[in-house]
Structures are given as structure tokens and as C-alpha cells.
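From first to last, the protein sequence lines stand for chains L and H.
Using our numbering, read the first sequence as starting at 6 and increasing by one per residue.
Using our numbering, read the second sequence as starting at 6 and increasing by one per residue.
Any given hint might turn out to be false.
[As the list claims (entries may be wrong)] Pulled from the structure, derived: some chain L residues nowhere near chain H, Cβ distances all over 10 angstroms:
| hint | residue |
| --- | --- |
| 1 | 31 |
| 2 | 47 |
| 3 | 60 |
| 4 | 63 |
| 5 | 67 |
| 6 | 76 |
[What the hints assert, rightly or not] Taking lysine-lysine and the DSSO-like style, the derived pairs with C-alpha atoms no more than 30 angstroms apart in a straight line are:
| hint | chain 1 | residue 1 | chain 2 | residue 2 |
| --- | --- | --- | --- | --- |
| 7 | L | 76 | L | 22 |
| 8 | L | 107 | L | 68 |
| 9 | L | 8 | L | 68 |
| 10 | H | 16 | H | 76 |
| 11 | H | 62 | L | 8 |
| 12 | L | 22 | L | 68 |
| 13 | L | 76 | H | 62 |
| 14 | H | 62 | L | 107 |
| 15 | L | 76 | L | 62 |
| 16 | L | 107 | L | 8 |
| 17 | L | 8 | L | 76 |
| 18 | H | 62 | H | 16 |
| 19 | L | 107 | H | 16 |
| 20 | H | 19 | L | 107 |
| 21 | L | 8 | L | 62 |
Source of the hints: derived by calculation from the structure; they are not laboratory data.
Heads up, the beta-carbon is just placed ideally off N, CA and C, and yes, glycines get one too.
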Amino acid sequence: SQKIEQNSEALNIQEGKTATLTCNYTNYSPAYLQWYRQDPGRGPVFLLLIRENEKEKRKERLKVTFDTTLKQSLFHITASQPADSATYLCALGGNNRLAFGKGNQVVVIP
Amino acid sequence: DTGVSQDPRHKITKRGQNVTFRCDPISEHNRLYWYRQTLGQGPEFLTYFQNEAQLEKSRLLSDRFSAERPKGSFSTLEIQRTEQGDSAMYLCASSLGTARDTDTQYFGPGTRLTVL
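Chain H on its own, in the form it takes in the complex (with noise of 0.2 angstroms):
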């Protein structure tokens, strides 16, 4: 399968307690981006990578997230201090990043996390 792949696909957890996702994109997709949608709504948009660099960061996203992309290829996200409002489900999506206009964006399966 050579579509976006993201670990664990479902994450339950303490409030408090810190978590980490990973994202794997489409191996010669330069962008990555991170939503987060929750019961009912649509994705919201969170962070995108241009290759290595975070060129954008949502309000949405507080302190105690973080994402990082090192070499350009797979991603992480950390929550620290988890809430129960951050109970959500969590999407990768990776596109080309060739076209400025039209770049589709093709999604993994998602990390569900719930905080109790």
C-alpha cells in the first residue's frame, strides 16, 4: 500500500499524559499537513510542511502541540498535557506541492484519540 499511513490508529489515554502520532506521506509528496476533526464536523485545518520546514501553524493548534517533520519525510505530532477537549480524531494528508493552485491532498486513516 503506498497510500498516507499514520500510527496508532486509535490512542486512549489519561488527561495529563503526553502523546505522539506518527504520519508516513506518499513517499514523493514534499507537503504534509495535520487536521483534526471531530464528531460531526469537518476536517480543521492544524500545521503543513513544505518538505522539512512547518511554514504554517493554526490558531487552533496551542503550546502544548507540537509537530515536527526532520528529514522531509514522515511526521510527528505530540500533544503535551492532554485535555478532554483534544479528544478528536486526528488526519495526516500529503500532496505533491507542485501545483500552487490545485495541490490535492490525499488522506491517511486517521488516529483516533480519546482522553478520559
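Bound-form chain L, shown alone (with noise of 0.2 angstroms):
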């Protein structure tokens, strides 16, 4: 079956330190990953999008990785900020939609 695996856990972290998140997958081709921001109540909020080609995608203080060999996603933020603190959910694209994991909560401890 199809399955996208987010860690349930919330991660802690530090102000300033670097928040990993993973997103493993089985059973998906997706044609590209995309990881979104949601915070409680409100909508997600697009943050980065990765194509099946791409290993690497930067922008600002994130970071997204793409293994298809592994069907994995790492995704980074640096320099942590106590503004980063929400759900972070992970979207395999393809077939004109999007399948998202639970999404992994940050908390992040001025």
C-alpha cells in the first residue's frame, strides 16, 4: 500500500539551531515533492517545491533534499526562529494532485 511516513514526534529544538525534518514514502513515483507550513486552524502555506531530478533546493534560511532512490525528503531549517514553530507537512505531485504526509510538528525554544 501506499504510505507517507512523517515522524509523529513534535521536535524540540533550540533557537538557533537547525530543525531536520524527513519524509520517506513507499509505493509513490512522484514527479516532484513539495513541503508546506500550516499552522493550527489556518490553511497550509507553501514553503519549497523539489522535481524528481533535483537533489538540492535553497531558499533562505530552508533547505530541501530529494532521494528517490532512498524515497526520501530531508527538509532543513537553520538558524531556528521561535516563528518557525508550526506543522510542517510533506506532498508527493503527480496525476494533477497531491498526497501529504500527517506532518511533523516544530516547536522551537527561545
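With the hints as a guide, bring both chains together as one complex.
Right, here's the structure in full:
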């Protein structure tokens, strides 16, 4: 069966450190992968998109890697700030839809 | 604000009643999507439109659910004879629909439905 796995435990991290989140998937062949941020009671906000033929993408303090052999994406927030506290969703794209993981909560401690 | 908007933001209804939600996409976007999200889960795809044509529906979308996009602009999602299991956040997203493989979807704030 198809699965998209993100860590169910919240990641508590000290301000200024790098937060790293993992997204693993099985039985998917995504054309691209996206990361979204979601705050409580709000819709997801698009952060980054990485295509299947790309290894790494950066945007400001964010970095995403995509390994189609391992079927894994890593999402990094460098120099984390309390304002980065949120749930981060991994989404696999293709066939005109997104398939989302459950999300991983990040708590940045001042 | 030129983002995706949804109305209402919250809806409380009694079991058995019908409800309708509205989504206004980003104006130049051709594609519109509906997702459903329950607590602790990621959004689940329900259906999508290319302009006014509904091109795909998930098996999650039972016969009680119907969606329209009559003029290729705003969309409505109606749930008939609501059940408690329909309680969820209903999210709308839109995209340009021009890039076959890398079509970024932008989400609205969602409509929170509570069925009593």
C-alpha cells in the first residue's frame, strides 16, 4: 500500500539550531515533492518544491533534499526562530493531485 | 488580499442537514482543488477542476458530496444529509494549471465543519 511517513513526535529545538525533518514514502513515484507549513486552524502555506531530477533546493533559511532511490526527502530549517514553530507537511505531487503526510510539529524554544 | 478565500470559516450544523461551502481561487488560476483534513492528519484529496470541468473525484467523495465550478471561477462544495464523520476542515486550493508536472497549489484558510 502507499505510505507517506513523517515523524509523529514533535521536534523540540533550541533557537538558533538547525531543525531537520524527514519524509519517507513507499509505493509512490512522485514527479515532484513539496513542503508546506501549517499553523493551527489555518490552511497550508507553500514553502518549497523540488522536482524528481533535483537533489537539493534552497530558499532563505530553508533547504530540501530529495533522494528518489531512498524514497526520502529531508527538510532543514537553519538558524531556527520561535516564529518557525508550526507543523510542516510533506506532499508528493503527480497525477494532478497532492498526497500529504500527516505532518511533523516543530517547536522552537527561545 | 489576492489569495484563495473560503466562506464560511466555521460552520456548525446538526446531523442530517445540508451545508454548502464556497471557494474563490486566485483570479488567474485555472485549476481548483478540494481537500479534507481531520485532526492530526494531512489533507486528503477530494476532487479537482480544470476551469469548469470536474476532472477527477476521489473515492472519499461519497454520493452525498457534490462540487461545482459553474463559470470556471468560484467553486461550491455541498454536503447533503451530513453525518458526524463529515466533521473536518475543508480546504480549497488553486493553481495555474500550466505546468504539467510541477503545479504548485495555494491553499485557502479552510472551512471548519462541525456536525453535532
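Hints, one by one, checked against the model:
1. Consistency note on residue 31 of chain L: stated as away from chain H, and its beta-carbon is indeed over 10 angstroms from all of that chain's, at 16 angstroms minimum.
2. Residue-level check failed: residue 47 of chain L sits 6 angstroms from the nearest beta carbon of chain H, not beyond 10 angstroms.
3. Distance to chain H confirms residue 60 of chain L as a non-interface residue, since its nearest Cβ pair spans about 16 angstroms, more than 10 angstroms.
4. No Cβ of chain H approaches the Cβ of residue 63 of chain L within 10 angstroms, the least distance being about 17 angstroms, so the stated non-interface status holds.
5. A cut-off of 10 angstroms between C-beta atoms confirms that residue 67 of chain L is not in contact with chain H; the least separation is 15 angstroms.
6. Here residue 76 of chain L stays apart from chain H, with its beta-carbon at least about 17 angstroms from theirs, past the 10 angstroms limit.
7. The hinted pair formed by residue 76 of chain L and residue 22 of chain L meets the criterion: a straight-line CA distance of about 26 angstroms does not exceed 30 angstroms.
8. A threshold of 30 angstroms between alpha carbons decides the hint, and for residue 107 of chain L with residue 68 of chain L the separation of about 20 angstroms falls inside it, so the pair holds.
9. Note on residue 8 of chain L and residue 68 of chain L: the hinted pairing holds, with a Cα-Cα distance of about 23 angstroms set against a maximum of 30 angstroms.
10. Taking the CA atoms of residue 16 of chain H and residue 76 of chain H, the gap is about 25 angstroms. The hint holds against a cut of 30 angstroms.
11. The suggested pairing of residue 62 of chain H with residue 8 of chain L holds, with an alpha-carbon distance near 20 angstroms, which does not exceed 30 angstroms.
12. As the CA atoms of residue 22 of chain L and residue 68 of chain L are separated by approximately 14 angstroms, the hinted pair is consistent with the 30 angstroms bound.
13. For the hint pairing residue 76 of chain L with residue 62 of chain H, the CA-to-CA distance comes to about 27 angstroms; that is within 30 angstroms, so the pair holds.
14. Annotation: proposed proximity of residue 62 of chain H to residue 107 of chain L holds, straight-line Cα distance about 21 angstroms (limit 30 angstroms).
15. Our distance criterion of 30 angstroms between C-alpha atoms is met by residue 76 of chain L and residue 62 of chain L, whose separation comes to about 16 angstroms.
16. As the CA atoms of residue 107 of chain L and residue 8 of chain L are separated by approximately 10 angstroms, the hinted pair is consistent with the 30 angstroms bound.
17. Between residue 8 of chain L and residue 76 of chain L the alpha-carbon distance is near 11 angstroms, which keeps this suggested pair within the 30 angstroms criterion.
18. A threshold of 30 angstroms between alpha carbons decides the hint, and for residue 62 of chain H with residue 16 of chain H the separation of about 23 angstroms falls inside it, so the pair holds.
19. For the suggested pair residue 107 of chain L and residue 16 of chain H, the alpha carbons sit about 24 angstroms apart, so the restraint of at most 30 angstroms is met.
20. Distance hint between residue 19 of chain H and residue 107 of chain L is fulfilled; the C-alpha atoms sit about 28 angstroms from each other, no more than 30 angstroms.
21. At roughly 24 angstroms between alpha-carbon atoms, residue 8 of chain L and residue 62 of chain L fall within 30 angstroms of each other, so this suggested pair holds.
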